[in-house]
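Residue numbers (our numbering), protein chains in the order written: chain A, 1 to 128; chain B, 1 to 547.
Because the hints were derived from the structure by calculation, they are not lab data.
Do not take every clue at face value.
To be verified - Pairwise CB distance ranges, derived in the manner of DEER restraints:
{"#": "1", "chain 1": "A", "residue 1": "ASN92", "chain 2": "B", "residue 2": "ARG51", "range": "49 to 57 Å"}
{"#": "2", "chain 1": "B", "residue 1": "ASP197", "chain 2": "A", "residue 2": "SER21", "range": "28 to 36 Å"}
{"#": "3", "chain 1": "A", "residue 1": "SER21", "chain 2": "B", "residue 2": "LYS225", "range": "40 to 48 Å"}
{"#": "4", "chain 1": "B", "residue 1": "GLY176", "chain 2": "A", "residue 2": "GLU108", "range": "51 to 59 Å"}
{"#": "5", "chain 1": "B", "residue 1": "ARG150", "chain 2": "A", "residue 2": "SER21", "range": "38 to 46 Å"}
{"#": "6", "chain 1": "A", "residue 1": "ASN92", "chain 2": "B", "residue 2": "SER521", "range": "51 to 59 Å"}
{"#": "7", "chain 1": "A", "residue 1": "THR29", "chain 2": "B", "residue 2": "ALA143", "range": "56 to 64 Å"}
{"#": "8", "chain 1": "A", "residue 1": "SER21", "chain 2": "B", "residue 2": "GLN508", "range": "33 to 41 Å"}
{"#": "9", "chain 1": "A", "residue 1": "THR29", "chain 2": "B", "residue 2": "SER521", "range": "17 to 25 Å"}
{"#": "10", "chain 1": "A", "residue 1": "ASN92", "chain 2": "B", "residue 2": "LYS201", "range": "53 to 61 Å"}
{"#": "11", "chain 1": "B", "residue 1": "ASP197", "chain 2": "A", "residue 2": "ARG114", "range": "12 to 20 Å"}
{"#": "12", "chain 1": "A", "residue 1": "ALA126", "chain 2": "B", "residue 2": "GLN185", "range": "34 to 42 Å"}
{"#": "13", "chain 1": "A", "residue 1": "SER21", "chain 2": "B", "residue 2": "LEU341", "range": "42 to 50 Å"}
{"#": "14", "chain 1": "B", "residue 1": "ASP222", "chain 2": "A", "residue 2": "SER21", "range": "49 to 57 Å"}
Bear in mind that the values here come from a model prediction, so they are computed numbers and not experimental data.
Glycine included, C-beta positions come from ideal geometry on N, C-alpha and C.
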Amino acid sequence: MAASIIAVAMLAFIASSAPCSHSRELTFTLPHTLAPGESAWLVLKVGAIGHAEIQVTTSDCRQMGTISPFGPRAASRSGTYSLPVPPSAISNRHVTVRVSLNGGGETERPPTSRELIESSIRVRPAPK
Amino acid sequence: MTGTGSGTSRRHFLKASIAALGATALPKRMAFGQAGAKYIRHNATSEAGKRALDSYAKGVEAMLKLPPEHPQNWFRNAFIHLMDCPHGNWWFYVWHRGYLGYFEQTIRSLSGDNEFAMPYWDWTQLPQIPDQMFEGALNPQDARFEPYTRNLSAFTSFIQPALKKYWQNLKFDQVGQLKKRGYTQFDKMWNDVTGLDPKQKAGISGNISYATTCASRYLTRDNPKLDEKTTYDVSPFIIYSGLLPVDFYNSDITESFNSSKTQSHNTPPAGPDSFSVLEGFPHNKVHNYIGGVGPLDPGPYGNMTNFLSPVDPVFFLHHSNMDRLWDVWTRKQKSLGLPYLPVGQDWDTYSREPFLFYVNGKGEYVGPSSAGDYVSMEKFDYEYEPGFGEDVIKPAPPALLKKPPVALSRGTVKANRAQVALPGAAVKNHLAQEGGAAMRAQVTVARPGPDAIAREFDIIVGAPPDVTEVGADSPYYAGTIAFFGKMASMTGMESDVTFSVPLPRKPQAFHGLGAAAANVSVEIRLVPTQGPQEGVTPLKAVNVRAQ
C-alpha cells in the first residue's frame, strides 16, 4: 500500500475565542486539493494525559472526535491517534480545528505542548 | 434562508462526510455470514438477542456464585483481561476474539442454553446501553454483586487469596508474559486493582480498577444514553472511516486497520502507541464514558474505565460489536480480493504470539495457544446477524445480473430544477423494497469552473418550494455530490458529469403519489451544501431508472 501523501505543517497556533472557549485553534493546509475519493486525516501525538481527554472540534465547535486513553497504561504513555476530517471542514485546502483538554480532574483548557506533542494533516489516497 | 427538512447542524455535517466516503452508494448486505455457522451472535435489541441476554444473565449469576478458586468465577474471568489484555497494538482484535469466544462457551455451559451466542451492542444504531443490561445480574450495581464488591476490603478478602495461589502455580512462559507487562510480582499487579502508585506512594483515584457496587457503572436505566461526544465517536462517519483502510497493518496509522505493531501483545511499542480509528475512538470512548470519565472526574470510575472492565457485563456486548466490525472489515477485504491478514514474515510474527491465560467453557485452562488460532471465527463456529457497516461490503455481481430490466423516465430541466414523471407503481415498489434503492436518478451537472466556490451539492427530491436546505435526516435528502480540484489545465475536465443517485425511500418525497395516479410528478433540485453561492453549477439533465 502506498504511503499517504505527506502532511503539511501546521500553520498557526492561535489563541482561542468564543464560542469554543478554553480551546486552541490549529490551522493546517492540505498539500493539494483533494481528488475524488481522497480524504484528509488529522494525526495527533498525545502525551501522557492520565484520564483526561482531548476533544477535537471544527472551528465552529462541531465534534470531530475525542481522544480518551483507555486504562492506566494508555493513560501514562503517549499515543498517536488519527481521525478523519469531514469534507465540510475543509475550505480552500485549509482545515481549522480546535483542541481542548478536559476530564480527569482538569478544568477545560487548551492542551500544553507536552499534552499535545505533534499535530499534522495527511491526505489519504482514494480507496481501491 | 428559509425552511429546512433538516435536524441539527451536526447531522448536516455528517451527511456530506458519509457521502464523500462513498458508503451511501453501496447496497446493504442482506444475509448472515456465508459460512452457515452453528451459533449466531444477534443484535442485543432483536428478539433473539433479548433471549440470549436472558441466558447471559443466568450465566453471569452462575459465575458469580462459583468460588474464587474456580477459573470460571466471574471476577477470576475479569482478571484474565487485567493480566493479559492487549490494547493499542495489532493483537487487540485477535486476543479479544479468543477471550470472548471462550467466555461465550462458559456462558453456554453455565446457563444451560446450548445455543447461546454473545449478543452485540451496535452503538452506532443505538447510542445507549440496551435496557436489559440494567436488569439483575447484567447490572454490576445489582445486589448479586454486593457480597463481593461492596468495598475494597470485601473484594480483596474474597479474591486475593485465590489469585495469589493461582499466581504461584503459573507456568514459566506465563510468568514471562507477566514480566513483559511489568507484573514481576503479584503486588505490582494488585497495584492496578487499587490504583496505588509505588513511586508516589499514593493511590491515583483514576487508576483504580476495582469499583464499589454502587459506583460500578456510571450510566443508569434513567440515564442510559451516551453523551454527544461519545455518540459522535460511534457515528456512521467514524465507523465507515475505520473500515476504510485496506491494510491489516500499516506503519502509517491512517492506512492501518490495526493499531501499533509491537514486540509482543504485552509490551508497548518502541515509539508512541498508534491507535486505529476503531480502537482509538469507539472502543476507548465507550469504555471510558460508561465508567464515568468526564462526569466522575477525577475518579474513581466505574469498572469499564480500567482493566477490570469485564466485571461489567456490558463489556462483552461492547467487544462483540468490535469483533463484528473486524468481521465486516475482513469480508470487505475478501470482496475486494485484498489481504485480510498479515502476510509473509508479518504473518509469522503475528500468528505465533502466545496467548496463555484463557479458560475454556469446561473451566479448564486452555494452555499454550497463539494468535493464529483465533484469526478465524470458525474456531468458535459463530457468525453475526448483520449490523451497522455491512454496506461497505460490495455485493456479488451475479446477484445484480438477476435484477429485472429497468425503465427510464426522462426529466425536463429548467433553472436548476428538474421535473420527472415517475410511474406510480414503480414508486410504490421503491418505497416498499428493502436493501438498495429501486429508483436511482442519473443527475447530470456541469463541472464547476476553476474559480467556482461551491463544490458540494445536496440533491433534494420532492421537497416543498420553501425547503432550500436539507439535513441527512430530511426525507427529501438524496445525497451530496462533491467536486474536487481545480484542474482546469487537464484535458477532459470541462465536460459534464453524471452521478447515480439513489432516491430517498421516504413517502414525503413522493407526496403526489395517490392510489389512482398513474404517474407521480417529482421535482429534483440541486443546492450548494454550504448555502447559497453565486455561479452555482447548472443542472443539465435528470433521468430516473426504476427496477
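The hints, checked one at a time:
In this structure the supplied range 49 to 57 Å holds for ASN92 (chain A) paired with ARG51 (chain B), their Cβ-Cβ distance being about 54 Å. Range check, ASP197 (chain B) to SER21 (chain A): Cβ separation about 33 Å, and the 28 to 36 Å hint holds. Distance hint check for SER21 (chain A) and LYS225 (chain B): the Cβ-Cβ separation is about 25 Å, which falls outside the suggested range of 40 to 48 Å. Between GLY176 (chain B) and GLU108 (chain A) the beta carbons are some 43 Å apart, a value that contradicts the proposed interval 51 to 59 Å.
Hint check: ARG150 (chain B) to SER21 (chain A), Cβ distance near 42 Å, so the stated range 38 to 46 Å holds. Checked against the given bound of 51 to 59 Å, the beta carbons of ASN92 (chain A) and SER521 (chain B), roughly 39 Å apart, lie outside it. A beta carbon spacing of about 58 Å between THR29 (chain A) and ALA143 (chain B) agrees with the range 56 to 64 Å that was offered as a hint. Range check, SER21 (chain A) to GLN508 (chain B): Cβ separation about 40 Å, and the 33 to 41 Å hint holds.
Between THR29 (chain A) and SER521 (chain B) the Cβ separation comes to about 47 Å, which falls outside the hinted range of 17 to 25 Å. About 55 Å separates the C-beta atoms of ASN92 (chain A) and LYS201 (chain B), a value consistent with the hinted range of 53 to 61 Å. Distance hint check: the CB atoms of ASP197 (chain B) and ARG114 (chain A) are about 19 Å apart, consistent with the given range 12 to 20 Å. Checked against the hint of 34 to 42 Å, the pair ALA126 (chain A) and GLN185 (chain B) fails, with Cβ atoms roughly 52 Å apart.
For the pair SER21 (chain A) and LEU341 (chain B), the beta carbons lie near 47 Å from each other, so the given range of 42 to 50 Å is met. For ASP222 (chain B) and SER21 (chain A), the hinted distance range of 49 to 57 Å is not satisfied, since their beta carbons lie about 31 Å from each other.
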